[in-house]
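**Student:** Here are the chains, one letter per residue:
Protein chains: 2
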Amino acid sequence: MKKQPKKPVTLADIAALADVTPMTVSRVINNNGYVHSETRERVMNVARQMNYRRNGLARGLKRQCTETVGMVIGDIANPFAAELTRGVREVLEERGYSLFICISEHTAKEDVRAFDALADHRVDGIIAATRASKSGNERLEELIDSGIPVSLIGREFRHAQADLVSADNLKGGYEATTHLIEMGHKRIGFIGISLTEGLRLRRFQGYLEALKDHGLPVEDGLIAGGREAAEQMPGYSTEEMGYDGMMKLLELKNRPTAVFARNDFTAMGALNAIKRAGLRIPEDIALIGYDDIPVAAHTSPALTTVRQPTREQGRAAAEFLLRRVEGDREQPRAEKSFACELVVRESTAPATKVDSSKTRKRQIKTA
Amino acid sequence: MKKQPKKPVTLADIAALADVTPMTVSRVINNNGYVHSETRERVMNVARQMNYRRNGLARGLKRQCTETVGMVIGDIANPFAAELTRGVREVLEERGYSLFICISEHTAKEDVRAFDALADHRVDGIIAATRASKSGNERLEELIDSGIPVSLIGREFRHAQADLVSADNLKGGYEATTHLIEMGHKRIGFIGISLTEGLRLRRFQGYLEALKDHGLPVEDGLIAGGREAAEQMPGYSTEEMGYDGMMKLLELKNRPTAVFARNDFTAMGALNAIKRAGLRIPEDIALIGYDDIPVAAHTSPALTTVRQPTREQGRAAAEFLLRRVEGDREQPRAEKSFACELVVRESTAPATKVDSSKTRKRQIKTA
DNA sequence: ATCCCGCCTGTTAACGTTAACTTACCCGGA
DNA sequence: TCCGGGTAAGTTAACGTTAACAGGCGGGAT
Chain A
1 MKKQPKKPVT LADIAALADV TPMTVSRVIN NNGYVHSETR ERVMNVARQM NYRRNGLARG
61 LKRQCTETVG MVIGDIANPF AAELTRGVRE VLEERGYSLF ICISEHTAKE DVRAFDALAD
121 HRVDGIIAAT RASKSGNERL EELIDSGIPV SLIGREFRHA QADLVSADNL KGGYEATTHL
181 IEMGHKRIGF IGISLTEGLR LRRFQGYLEA LKDHGLPVED GLIAGGREAA EQMPGYSTEE
241 MGYDGMMKLL ELKNRPTAVF ARNDFTAMGA LNAIKRAGLR IPEDIALIGY DDIPVAAHTS
301 PALTTVRQPT REQGRAAAEF LLRRVEGDRE QPRAEKSFAC ELVVRESTAP ATKVDSSKTR
361 KRQIKTA
Chain B
1 MKKQPKKPVT LADIAALADV TPMTVSRVIN NNGYVHSETR ERVMNVARQM NYRRNGLARG
61 LKRQCTETVG MVIGDIANPF AAELTRGVRE VLEERGYSLF ICISEHTAKE DVRAFDALAD
121 HRVDGIIAAT RASKSGNERL EELIDSGIPV SLIGREFRHA QADLVSADNL KGGYEATTHL
181 IEMGHKRIGF IGISLTEGLR LRRFQGYLEA LKDHGLPVED GLIAGGREAA EQMPGYSTEE
241 MGYDGMMKLL ELKNRPTAVF ARNDFTAMGA LNAIKRAGLR IPEDIALIGY DDIPVAAHTS
301 PALTTVRQPT REQGRAAAEF LLRRVEGDRE QPRAEKSFAC ELVVRESTAP ATKVDSSKTR
361 KRQIKTA
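Chains A and B are the protein sequences, given in the same order.
Its first residue numbered 1, the first sequence is counted upward by one per residue in the numbering used here.
Its first residue numbered 1, the second sequence is counted upward by one per residue in the numbering used here.
Keep in mind that a hint or two might mislead.
Unchecked claim - Under the rule of at most 20 Å between Cα atoms (straight-line distance), these lysine to aspartate or glutamate pairs were calculated in the EDC-like manner:
1) B:Lys275 x A:Glu346
2) B:Lys6 x A:Glu90
3) A:Lys336 x A:Glu312
4) A:Lys186 x A:Asp213
5) B:Lys6 x A:Glu67
6) A:Lys336 x A:Glu142
7) A:Lys253 x A:Glu219
8) A:Lys6 x B:Glu141
9) A:Lys6 x B:Glu67
To be clear, the hints were calculated from the coordinates, so they are not data collected in a lab.
Please build the complete structure, drawing on both the sequences and the hints.
**Tutor:** This is the structure in structure tokens:
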């Protein structure tokens with residue numbers, strides 16, 4: 001007996017064995033419509049015995065919906081993205097949707113591919129939590145125009161029909177920087193992006209604004225990392241960016257007394273660079289991160305950082321999306337911005353007298 | 001004019017406008033069969049103008065394959081899983097497959113749901129990198145029996161037709177422990193699982209075997225954490241497990257001189273607990289982790305750990321899967337086990353004289 | 001007796017795509 | 001002149017499911 005290619009069981013197969021029509025089997029499987037309890041029993045038994053799995057393709061094709069949502073994130077292994085997906089999943093699950101995640105590895109090309117893959121498979125909606133890019137935005141626009149509901153998380157892209165969830169990172173960055181300034185720091189470094197690319201990073205904008213509002217100069221030399229790092233080389237970890245960036249700052253003749261890192265990973269890299277150099281935190285250099293990832297509370301010293309309500313953002317994005325999926329698809333954009341919260345731990349402290357005097361002297365020279 | 005519900009564009013729509021049959025449009029879209037270059041041009045233009053997206057459901061239904069692979073992981077935000085998916089994606093991408101990722105949050109229930117969601121949507125194959133569970137394994141077996149190719153990564157489950165990729169964590173755990181023993185440590189703690197549950201964790205088995213082979217006793221008190229932690233409460237981070245576990249060990253009257261943590265996160269938690277207690281690493285307590293995640297090189301002190309070839313495991317799993325998808329689906333199981341490698345950094349050092357003498361005295365009493 | 005309605009099941013026709021087959025034309029060689 | 005084969009389409013019939021409709025049967029109300 002030749003082994004056949006093992007064709008999947010269909011409703012028709014079950015129908016034949018249970019001596020009913022496929023329609024009746026469908027009713028049993030989906031538990032709707034009238035079916036006699038005896039018939040139901042019989043069909044169920046056959047289905048179980050044959051190890052039936054419904055065909056989501058056929059089902060989706062006929063019903064014009066798949067009860068599935070796609071989400072695109074830039075980087076798995078990022079606790080921030082992880083927390084987002086938890087929020088998303090919480091909502092989707094209780095409403096009976098499945099979640100398929102695609103990874104873009106922070107590249108525009110993969111971003112587009114992910115959108116395509118999800119759209120092709122006719123997910124009911126897409127949540128995009130990746131960084132904006134030209135090609136990505138264009139494709140996104142095509143998808144929205146072709147009728148797929150889209151919900152964005154922290155992505156710089158606006159469309160009349162794409163809901164938008166974000167955290168107020170401008171304010172978060174502003175507050176982080178102000179926190180340092182109020183502690184008497186005057187030379188405050190930033191690690192994680194270059195001055196020229198900074199337009200895209202809200203928290204960096206907040207840093208700049210805070211300096212300006214307090215009459216402190218922006219020094220190019222105090223801004224480290226960016227360009228050649230994470231953006232271009234997906235493999236390049238942000239810890240390394242923090243480590244390398246901090247090393248550069250430490251080599252300065254008059255180094256900063258405080259540093260703001262673009263996220264907690266970067267801060268952890270910076271933290272280790274500072275310790276390596278034999279300096280103390282926060283006495284020699286104060287350090288502040290961003291995101292409040294779980295490890296941040298467990299570094300030594302514990303990291304002062306800015307918390308954004310991450311899971312809530314995920315939940316909100318999912319709720320916006322489902323509202324659109326199940327309601328009016330053409331409804332105007334909904335927007336929600338979450339406030340960030342400064343979490344003061346051990347890595348920040350007032351600038352020490354000695355340092356600040358030394359700094360002031362140099363600063364005059366520089367300014 | 002009432003706005004219609006915006007039906008997606010189909011081949012038929014294009015065909016009507018381009019004055020050909022849907023079949024011809026299909027040939028153009030898929031770029032196969034004979035089509036006159038003029039016709040091709042005309043069809044392409046119409047398709048572009050109408051913003052056509054092919055319907056993957058219909059396509060998959062007809063062709064009986066979706067060029068899509070599903071992967072289930074227990075935890076996004078885990079650098080180990082992240083690296084696995086990179087390996088998987090590398091292979092899939094160059095072969096033209098898309099990857100959909102599902103998260104189980106380390107629960108058996110979600111594990112099953114993920115398998116179901118992927119199977120329903122008729123992915124061409126599934127890669128399972130989650131921890132084994134009774135219900136999960138049963139469902140997996142059903143799927144395999146119903147003809148879906150499955151590839152497993154580090155999952156304790158065997159099936160004649162499911163390919164298996166793993167790292168030799170028994171040996172890895174053995175070598176990590178031996179490394180500590182050879183440095184003169186005699187009281188070696190383990191953080192991350194309980195003695196009763198340890199059967200499931202290979203690296204822990206390696207720890208036990210190494211102790212046994214070197215004539216050292218296994219002390220229940222030196223084994224901290226597990227049960228009540230990560231397994232049950234998905235939200236509970238492994239850093240916390242490391243921190244809490246280490247705290248318990250530090251409270252012991254005669255604490256260990258070295259500690260083996262089940263993974264690098266746990267080790268980082270332990271590392272911070274040790275520093276908090278005012279003790280030095282490795283002088284007072286030597287510490288070893290597992291996995292060699294990127295941060296491990298950047299902690300202070302840098303973490304000694306065991307590296308497993310993670311990306312390679314992902315690649316191998318994907319290759320096994322595609323071989324089965326595109327070749328004989330009934331072929332016998334392929335297996336591949338990767339060797340682990342001890343990475344010695346700064347967190348381990350020989351046991352100090354003082355400690356070891358003190359330890360020996362107590363140990364006699366204990367033994 | 002008639003009618004209506006609730007229950008149970010069957011029939012038909014899609015959903016959008018494509019494999020397999022058929023038709024038709026044109027050109028070159030025997 | 002006829003034939004074969006390459007080219008360029010069109011036709012048909014699925015893939016597996018389900019919405020919509022069409023019976024048929026029995027029982028209670030009129």
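**Student:** Against each hint, give a clear statement of whether it holds in the structure.
**Tutor:** So, going through the hints one by one against the coordinates:
1. B:Lys275 x A:Glu346: holds, 14 Å
2. B:Lys6 x A:Glu90: Distance ~30 Å between Lys6 of chain B and Glu90 of chain A Cα, so the pair is violated.
3. A:Lys336 x A:Glu312: holds, 11 Å
4. A:Lys186 x A:Asp213: holds, 13 Å
5. B:Lys6 x A:Glu67: holds, 19 Å
6. A:Lys336 x A:Glu142: violated, 23 Å
7. A:Lys253 x A:Glu219: holds, 14 Å
8. A:Lys6 x B:Glu141: This hinted pair holds, its Cα atoms lying about 15 Å apart.
9. A:Lys6 x B:Glu67: Between Lys6 of chain A and Glu67 of chain B the Cα gap is close to 19 Å, so the pair holds against 20 Å.
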